[in-house]
Amino acid sequence: MERTEALLIDHLREGDETALAPLVEKYKRMVHRLAMQITKNHEDANDVMQETFIKVYQSIHTFRQEAAFETWVYRIAVNEALNFVKRRERRRESSLETTDESEFNTETLWKAKIKNDPEIQAEKAELRHWVTKAVNSLSLKHRIVVILHELEGLTHAEIASILNCSEGTVRSRLHYARKQLRSLLKPYVDATSDF
Amino acid sequence: MKLKCNAIQSLISDYIDDTLNKNDVAKVETHLQFCTKCQREIAAIRKTRDLVIDYYVEPVASENYFHQFEVELHRSLQKKGPTSLNQRLKTSAAQFLWCLLTQLRQSISKYNDTRMNTLTVGALLLLIVSGFVATHFLNQEISHPPKVYLNGAAGGQIADGETDIDDQQKKSLHQHRTNWKDSSEVSSPALTANVEKEGYWRLSQPLANDTEEHIIFIHISNDRSAPGDTDSEVVVYEEPTILERKSPLQEDYVALPLDLHVDPFSEKHPRKQRKLSGFVVKLIHLPTEMLTIPEFYDLIKL
Chain A
67 MERTEALLID HLREGDETAL APLVEKYKRM VHRLAMQITK NHEDANDVMQ
117 ETFIKVYQSI HTFRQEAAFE TWVYRIAVNE ALNFVKRRER RRESSLETTD
167 ESEFNTETLW KAKIKNDPEI QAEKAELRHW VTKAVNSLSL KHRIVVILHE
217 LEGLTHAEIA SILNCSEGTV RSRLHYARKQ LRSLLKPYVD ATSDF
Chain B
48 MKLKCNAIQS LISDYIDDTL NKNDVAKVET HLQFCTKCQR EIAAIRKTRD
98 LVIDYYVEPV ASENYFHQFE VELHRSLQKK GPTSLNQRLK TSAAQFLWCL
148 LTQLRQSISK YNDTRMNTLT VGALLLLIVS GFVATHFLNQ EISHPPKVYL
198 NGAAGGQIAD GETDIDDQQK KSLHQHRTNW KDSSEVSSPA LTANVEKEGY
248 WRLSQPLAND TEEHIIFIHI SNDRSAPGDT DSEVVVYEEP TILERKSPLQ
298 EDYVALPLDL HVDPFSEKHP RKQRKLSGFV VKLIHLPTEM LTIPEFYDLI
348 KL
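Going down the list, the protein sequences come from chains A and B. Counting in my numbering, the final residue of the first sequence is number 261, and the numbers go up one at a time with none missing. Counting in my numbering, the final residue of the second sequence is number 349, and the numbers go up one at a time with none missing.
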């Protein structure tokens with residue numbers, strides 16, 4: 067008998083640990099995608115995923131159903147990923163590391179994805195590469211807003227709730243990020259005049 | 048009133064996303080009728096947004112990666128367990144009350160016939176309770192971490208470190224279950240030889256709809272000479288008036304106590320369903336995933 071999400075949440079809150087597995091199954095790809103986009107490498111994303119679902123399990127009693135469960139999971143995942151990146155940067159500063167390993171990993175990862183995808187072998191491969199690179203080159207706070215709004219399809223209000231900031235801040239960051247992207251992708255934006 | 052280009056800038060993103068109110072939309076569109084610079088700006092940003100949506104390559108991971116992640120998560124959760132206050136309090140309170148009542152009952156029955164005066168009895172009880180409280184909370188963290196089962200991860204396997212049963216018992220119990228599943232013959236459960244401990248199988252789902260929310264006891268006699276299982280029975284009780292026989296760790300679960308002598312309870316409590324035969328067949332055909340890791344409790348400690 068398949069349990070609905072609301073029922074799974076109730077059961078998890080009552081201490082039924084078996085209710086966690088279906089929720090993990092449903093949200094693991096979303097959390098991974100988000101964690102990858104913020105941390106930029108699989109190992110770190112894996113740690114973020116672990117911490118996210120452990121927190122979901124341990125803090126389920128704090129979920130009051132005022133927001134959607136999905137938004138609540140988003141919030142935990144984003145916060146965990148941001149904390150992870152901050153800790154990583156602090157470690158890097160303290161160890162005087164100069165190379166950006168995550169940048170390198172990202173580059174190789176996305177290149178590998180492009181290389182392995184037969185569809186991307188076509189003429190749009192270059193465009194995909196540069197668009198992806200442009201998004202990944204944004205500062206963290208601007209990249210998160212772009213990911214949540216353009217790619218995950220969340221509203222300004224939902225993003226504000228996840229990032230614990232005002233909707234005005236979300237709008238402002240989104241606008242700035244779009245202008246940055248426009249500048250980075252100028253050759254491609256100017257090349258077409260279909261509007 | 049016509050807006051200047053600077054004023055339009057702050058509205059562009061919302062205009063593109065269709066999240067502006069009607070009044071602001073009208074202002075922007077009025078401005079755009081006369082300003083080609085802003086028209087180009089909006090067109091370029093809209094094009095940029097579309098490029099990102101259409102051409103951004105999202106990160107992906109293999110099924111193997113997710114499988115590995117789930118295994119690690121299961122391991123992490125087993126180590127950490129629930130730390131939410133209400134879950135910990137609930138478990139601790141249930142365990143504490145269970146043990147307290149058992150100790151009191153034992154103490155009272157033990158000293159009931161003696162001529163000890165009230166003061167002595169009181170002091171003794173206080174000593175027992177305080178000693179118990181101290182050991183209980185020390186032991187809880189070390190010996191009985193909350194258990195977590197993910198779908199399929201338990202799968203009827205007997206996991207190391209889950210119980211206080213020794214390896215020999217694990218092997219014999221596992222062998223016993225394997226025999227039941229592989230053969231239609233009924234073998235003598237090795238577990239029943241240990242009269243001081245009870246094994247509880249936890250059901251990951253009810254046996255049938257009509258048994259949901261009920262406690263299911265399977266009574267297995269030690270005498271297994273006749274495989275006709277007439278000496279055994281499945282008894283389904285109304286939920287759950289038999290709290291004193293339930294494990295404090297399993298208050299929300301249906302349990303299958305093995306080798307439980309149900310006679311005292313069958314006299315007191317109404318049975319919802321009783322089958323004097325055929326239960327062994329039912330147990331043999333029980334899907335493995337329905338039985339999770341067995342837990343063992345020392346009756347003397349409880």
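Just so you know, the hints here were simulated from the structure itself, not pulled from any lab data. Source: prediction; values computed, not measured. Possibly wrong hints are sitting among the right ones.
[Unchecked claim] Output of the computed footprint for chain B on chain A, the stretches with three or more beta carbons under 8 Å from beta carbons of chain B:
#1 96-102
#2 113-119
#3 243-256
[Claimed, not checked] Cut-off 20 Å, straight-line C-alpha distance, at most; resulting in silico cross-link-like pairs (SDA-like, lysine to any residue):
#4 Lys74/B to His241/A
#5 Lys199/A to Glu218/A
#6 Lys252/A to Ile59/B
#7 Lys121/A to Ala54/B
#8 Lys94/B to Asp256/A
All C-beta atoms, glycine included, are put in the ideal place defined by N, C-alpha and C.
Now for the hints, and whether the structure bears them out:
no.	hint	in the structure
1	96-102	holds (count 3)
2	113-119	holds (count 3)
3	243-256	holds (count 8)
4	Lys74/B to His241/A	holds (19 Å)
5	Lys199/A to Glu218/A	holds (18 Å)
6	Lys252/A to Ile59/B	holds (18 Å)
7	Lys121/A to Ala54/B	violated (43 Å)
8	Lys94/B to Asp256/A	holds (9 Å)
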